[in-house]
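Number of protein chains: 2
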Amino acid sequence: MSLLPPQITRAIEEFSKLPGIGPKSAERLTFHLLRSSKASPEGLGGALTGLKAELRYCTVCQMVTLQDMCSICSDPSRDHGTILVVENPLDVIAFERTSYRGTYHVLHGVLSPIDGMGPEQLRLHELIERCKKGNVQEVIVATNPNIEGEATASYIRQHLHGVIEQVTRLAHGLPMGADIEFADQVTLREALAGRRQLG
Amino acid sequence: MSLLPPQITRAIEEFSKLPGIGPKSAERLTFHLLRSSKASPEGLGGALTGLKAELRYCTVCQMVTLQDMCSICSDPSRDHGTILVVENPLDVIAFERTSYRGTYHVLHGVLSPIDGMGPEQLRLHELIERCKKGNVQEVIVATNPNIEGEATASYIRQHLHGVIEQVTRLAHGLPMGADIEFADQVTLREALAGRRQLG
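Protein chains in written order, with my numbering: chain F, 1 to 199; chain Z, 1 to 199.
Mixed in with the good hints there might be a few duds.
[Said to hold, decoys possible] Below, simulated DMTMM-like cross-link-like pairs (lysine to aspartate or glutamate); rule was C-alpha separation at most 25 Å, straight line:
(1) 38(F) <-> 13(Z)
(2) 132(Z) <-> 165(Z)
(3) 52(Z) <-> 150(Z)
(4) 52(F) <-> 138(Z)
(5) 52(Z) <-> 91(F)
(6) 17(Z) <-> 165(Z)
(7) 17(F) <-> 13(Z)
(8) 17(F) <-> 91(Z)
(9) 24(F) <-> 87(Z)
(10) 24(F) <-> 165(Z)
(11) 133(F) <-> 68(F)
(12) 132(Z) <-> 42(Z)
(13) 17(Z) <-> 91(F)
(14) 24(Z) <-> 42(Z)
(15) 38(Z) <-> 96(F)
(16) 24(Z) <-> 13(Z)
(17) 24(Z) <-> 115(F)
(18) 17(Z) <-> 115(F)
(19) 24(F) <-> 96(Z)
(20) 132(Z) <-> 150(Z)
(21) 133(Z) <-> 87(Z)
(22) 38(Z) <-> 79(F)
(23) 24(Z) <-> 79(F)
(24) 38(Z) <-> 13(Z)
(25) 38(F) <-> 91(Z)
(26) 24(F) <-> 150(Z)
(27) 24(F) <-> 115(Z)
(28) 132(F) <-> 181(F)
(29) 17(Z) <-> 120(F)
(30) 17(Z) <-> 68(F)
(31) 133(Z) <-> 115(Z)
[Claimed, not checked] Interface residues of chain F toward chain Z, partial, derived using beta-carbon atoms under 8 Å:
(32) 4
(33) 7
(34) 47
Since the hints were made in silico from the structure, they are not lab data.
Glycine residues also receive a C-beta, built at the ideal position from the N, C-alpha and C atoms.
Please model the complete structure; the sequences and the hints are all you need to start from.
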């Protein structure tokens with residue numbers, strides 16, 4: 001690789017640090033930026049350099065925002081007695097496409113000892129403090145349905161025991177449009193266990 | 001998306017301009033950079049902002065370099081009578097892993113009218129001028145074996161007609177480790193047509 005100028009090698013290295021981008025993709029992306037008329041290294045570079053500037057986390061729900069408090073937390077028409085706990089800011093965007101009108105709490109990750117993510121690395125403390133302040137009727141835990149997500153949900157349930165009566169978890173079951181033939185057994189078991197009266 | 005601060009939206013947009021990165025991957029990459037301890041937006045951002053600084057193209061072969069002439073073109077031990085024509089700088093790196101000891105010519109693309117790539121967008125003129133200056137015995141066209149690559153090879157052959165006697169193309173055939181059962185018919189036809197005497 002010593003044939004390539006160091007700034008190209010450096011860009012390739014930085015791209016390789018991203019998840020899902022291997023050395024070959026990193027090379028391809030770097031040379032694409034050098035050649036493309038649509039994308040430019042200065043465009044992406046400038047956007048990334050300024051990414052953290054002025055960026056804050058909402059003091060209530062920890063969502064990324066430009067103010068002290070995000071637009072959801074400062075909206076009096078929302079139901080502030082319900083908190084939906086999510087792993088990351090994109091999950092908030094996803095739930096905002098539904099008819100949910102409560103508030104959120106963004107953990108910025110899940111418990112995952114193998115990745116060095118303990119309770120201190122998450123915004124769990126902030127969630128518990130927020131619940132202790134009162135006026136919260138329900139906490140809906142919406143971490144992803146995998147090992148880390150379940151472990152995080154269980155941690156939250158334990159730590160909110162005696163603080164919040166209603167700590168719920170999103171329903172498990174078949175996703176819309178799924179094909180039962182190809183559904184995994186855990187999903188099918190959950191779908192059976194959570195079956196509901198028709199009509 | 002108006003829930004997200006504009007600098008995040010901008011980074012997502014810039015990432016989306018890259019090939020193979022859709023809006024979802026762009027979101028994931030942006031938030032990964034905000035959270036990761038290994039990769040940082042400033043690291044990648046800085047590398048990209050400085051990417052084009054001091055970067056030049058070798059006046060002879062058009063390879064990316066920091067000098068007027070790249071290390072291969074300025075190496076007297078190389079065979080300067082042989083030019084291997086490639087699509088991009090990474091192809092040079094690939095051939096440098098072989099025992100090839102001639103020189104290169106980097107086109108920086110292939111003819112592709114649909115992508116707005118005509119002869120003027122490539123370094124084809126430089127190749128023809130270089131050949132006309134003399135002292136070139138063979139031009140090996142090593143564009144990729146696809147429609148655009150073949151069209152580019154054909155363009156080069158036409159324009160070097162009467163200038164260079166020996167304009168060759170890389171052999172087509174089965175790649176090492178291939179499984180004949182799964183080889184496509186064009187490759188098999190080429191492999192048959194290019195068969196060689198054993199031993």
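To see whether the hints hold, each was checked on the structure:
For the suggested pair residue 38(F) and residue 13(Z), the alpha carbons sit about 12 Å apart, so the restraint of at most 25 Å is met. With a C-alpha separation of about 12 Å, the suggested pair residue 132(Z) and residue 165(Z) falls inside the 25 Å cut-off, and the hint holds. With a C-alpha separation of about 30 Å, the suggested pairing of residue 52(Z) with residue 150(Z) is violated against the 25 Å cut-off. Distance check on the hinted pair: residue 52(F) and residue 138(Z) sit about 53 Å apart at the alpha-carbon level, beyond 25 Å; violated.
For the suggested pair residue 52(Z) and residue 91(F), the alpha carbons sit about 36 Å apart, so the restraint of at most 25 Å is broken. Restraint check for residue 17(Z) and residue 165(Z): not satisfied, since their Cα atoms lie roughly 43 Å apart, outside the 25 Å limit. Restraint check for residue 17(F) and residue 13(Z): the C-alpha separation of about 20 Å stays at or below 25 Å, so the hint holds. Our distance criterion of 25 Å between C-alpha atoms is met by residue 17(F) and residue 91(Z), whose separation comes to about 23 Å.
Between residue 24(F) and residue 87(Z) the CA atoms are separated by roughly 16 Å; this keeps the pair inside 25 Å, and the hint holds. Among the hinted pairs, residue 24(F) with residue 165(Z) is inconsistent with the structure: their alpha-carbon atoms are about 36 Å apart, more than 25 Å. Between residue 133(F) and residue 68(F) the alpha-carbon distance is near 19 Å, which keeps this suggested pair within the 25 Å criterion. Of the supplied pair hints, the one linking residue 132(Z) and residue 42(Z) is violated, its CA atoms being roughly 47 Å apart against a limit of 25 Å.
Taken as a hint, the residue 17(Z) and residue 91(F) pair is honoured in the structure, with Cα atoms around 23 Å apart against an allowance of 25 Å. Taken as a hint, the residue 24(Z) and residue 42(Z) pair is honoured in the structure, with Cα atoms around 22 Å apart against an allowance of 25 Å. Proposed proximity of residue 38(Z) and residue 96(F) is contradicted: the alpha carbons are some 31 Å apart, above 25 Å. As the CA atoms of residue 24(Z) and residue 13(Z) are separated by approximately 11 Å, the hinted pair is consistent with the 25 Å bound.
In summary, the hint linking residue 24(Z) to residue 115(F) is supported, as the alpha carbons are separated by about 22 Å, within the 25 Å threshold. For the suggested pair residue 17(Z) and residue 115(F), the alpha carbons sit about 30 Å apart, so the restraint of at most 25 Å is broken. For a cut-off of 25 Å, the pair hint linking residue 24(F) to residue 96(Z) stands: about 16 Å separates their Cα positions. A C-alpha spacing of about 23 Å is found between residue 132(Z) and residue 150(Z), which places the hinted pair at or below 25 Å, so the restraint holds.
Pair hint residue 133(Z) plus residue 87(Z) holds up; C-alpha atoms about 22 Å apart against a cutoff of 25 Å. The hinted pair formed by residue 38(Z) and residue 79(F) fails the criterion: a straight-line CA distance of about 38 Å is larger than 25 Å. Between the alpha carbons of residue 24(Z) and residue 79(F) the distance comes to roughly 29 Å, so the proposed pair goes past 25 Å and is violated. A threshold of 25 Å between alpha carbons decides the hint, and for residue 38(Z) with residue 13(Z) the separation of about 23 Å falls inside it, so the pair holds.
Between residue 38(F) and residue 91(Z) the CA atoms are separated by roughly 23 Å; this keeps the pair inside 25 Å, and the hint holds. Taken as a hint, the residue 24(F) and residue 150(Z) pair is honoured in the structure, with Cα atoms around 24 Å apart against an allowance of 25 Å. A threshold of 25 Å between alpha carbons decides the hint, and for residue 24(F) with residue 115(Z) the separation of about 22 Å falls inside it, so the pair holds. Between residue 132(F) and residue 181(F) the alpha-carbon distance is near 45 Å, which puts this suggested pair outside the 25 Å criterion.
Distance hint between residue 17(Z) and residue 120(F) is unfulfilled; the C-alpha atoms sit about 36 Å from each other, more than 25 Å. Of the pairs offered as hints, the one joining residue 17(Z) and residue 68(F) is violated, with about 31 Å between alpha carbons and a cut-off of 25 Å exceeded. This hinted pair does not check out: residue 133(Z) and residue 115(Z) have alpha carbons roughly 31 Å apart, beyond 25 Å. Look at residue 4(F): its Cβ gets to within about 7 Å of chain Z, closer than 8 Å, so that hint holds up.
Look at residue 7(F): its Cβ gets to within about 5 Å of chain Z, closer than 8 Å, so that hint holds up. Checking residue 47(F) against chain Z by beta carbon gives a least distance of about 4 Å; that is within 8 Å, so the hint holds.
Figure legend: structure checked against the earlier numbered hints; hints not met, in rising order: 3, 4, 5, 6, 10, 12, 15, 18, 22, 23, 28, 29, 30 and 31.
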